[in-house]
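Q: Residue-level listing of the chains:
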Amino acid sequence: MSLRSPLGEALGHGAAKDGVHHWRVQRLTAVALLPLASWFAVSLLAMPAHGYAAVAAWVGEPWTAVLLLLFVVTAAWHSQLGVRVVIEDYVHGRAMRTVLLALSGYLHVLAAAAGVFAVLRVALGGAA
Amino acid sequence: MAERPTSPHLSVYRMYRYTLLTSVLNRATGLVLALGLILMVYWLMALAAGPAAYARAAALLGLGVFKLVWLALLAVFSYHLCAGVRHLVWDTGRGLERAQSRASAYLVLIASAVVFVALAAWLLGRGQAS
Chain Y
1 MSLRSPLGEA LGHGAAKDGV HHWRVQRLTA VALLPLASWF AVSLLAMPAH GYAAVAAWVG
61 EPWTAVLLLL FVVTAAWHSQ LGVRVVIEDY VHGRAMRTVL LALSGYLHVL AAAAGVFAVL
121 RVALGGAA
Chain R
1 MAERPTSPHL SVYRMYRYTL LTSVLNRATG LVLALGLILM VYWLMALAAG PAAYARAAAL
61 LGLGVFKLVW LALLAVFSYH LCAGVRHLVW DTGRGLERAQ SRASAYLVLI ASAVVFVALA
121 AWLLGRGQAS
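Residue numbers (the numbering used here), protein chains in the order written: chain Y, 1 to 128; chain R, 1 to 130.
Fair warning: there could be bad hints in the mix.
To be verified - A short, non-exhaustive set of chain R residues, derived as facing chain Y with CB atoms under 7 Å:
{"hint": "1", "residue": "LEU25"}
{"hint": "2", "residue": "ARG27"}
{"hint": "3", "residue": "LEU44"}
{"hint": "4", "residue": "LEU47"}
{"hint": "5", "residue": "PRO51"}
{"hint": "6", "residue": "TYR106"}
{"hint": "7", "residue": "TRP122"}
{"hint": "8", "residue": "GLY125"}
If you are wondering where the hints come from, they were derived from the structure by calculation, not from laboratory data. For clarity, every value in this text was computed on a predicted model and none was experimentally measured. The C-beta atom is built at its ideal place from N, Cα and C for all residues, glycine as well.
Next comes chain Y alone, as it looks inside the complex (with noise of 0.2 Å):
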């Protein structure tokens, strides 16, 4: 049996029994992707050429390898949350809500699984 009061149960958990998880991911990932993303936009322009000899040695250097990583899940992960909401608002349909929220997220999990996996080739050396 449980100590718990029912209040204390039900505290911080809201309509979706979710509590303000989506919330807070949202807003960490925001943060993380200001300087990430500056700095993404930033690099890009920055480079003289963007020919395949010259961005394959930018993204071999360690610490762009490291945060393009971080760039790369951290953006999937806080588009997957924003399109979520988007679906979740927009979409009426229950049947075409739940296809597309599958969709948006089997997609996002491609996109960070073949960022990952295009740095860590390219970084360590793997690439033809």
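Keeping the supplied structure of chain Y fixed, place chain R upon it in accordance with the hints.
A: Chain R in isolation, oriented as in the chain Y frame:
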């Protein structure tokens, strides 16, 4: 389950209201940035696939029309960045009064325009991007 009222129907709102405009813009720019994420992953995967694949991707991404895509991405990035900072400030409980919120809405529009112009000038001033 019976059809129940659902939220929001964009068409019933007065879109020229700054509160709604800034909110909708933040969501719209976020969705565009999600497409930008796909573009970035495509670019990284081409890089990982080697010089030949990268050259094919670079030929596609270097097309004239993509100049407009990069400009659009810089614009939505600038807005989403500034509007995001506004939201983070709100999250601390500050700036929620009507007058403050109105002022910060204009501040976001102006700041994002400034950031965009700076980034766009940088992009276009790069000469022939390769």
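Q: Closer than 7 Å between Cβ atoms is the bar; does LEU44 of chain R clear it against chain Y? Give me holds or violated.
A: Given a least distance of 4 Å, the restraint on LEU44 of chain R holds.
Q: ARG27 of chain R was flagged as interface toward chain Y. Is the shortest Cβ-Cβ separation under 7 Å?
A: Status holds, d = 6 Å.
Q: Answer holds if the nearest beta-carbon of chain Y is closer than 7 Å to that of LEU25 of chain R; otherwise answer violated.
A: Interface hint status for LEU25 of chain R: violated (13 Å vs cutoff 7 Å).
Q: Is the interface hint satisfied for LEU47 of chain R? The criterion is a beta-carbon contact with chain Y at less than 7 Å.
A: 6 Å, holds
Q: Is the interface hint for TYR106 of chain R satisfied, with its Cβ closer than 7 Å to some Cβ of chain Y?
A: 21 Å, violated
Q: Any CB of chain Y closer than 7 Å to the CB of GLY125 of chain R?
A: 10 Å, violated
Q: Interface hint check: TRP122 of chain R, Cβ to nearest Cβ on chain Y, cutoff 7 Å. Holds or violated?
A: Hint holds; TRP122 of chain R Cβ to chain Y Cβ min 5 Å, cut 7 Å.
Q: Does PRO51 of chain R hold up as a contact with chain Y if the rule is Cβ-Cβ below 7 Å?
A: OK, holds: PRO51 of chain R within 7 Å of chain Y, min 5 Å.
When each numbered hint is compared with the structure, violations occur for hints 1, 6 and 8.
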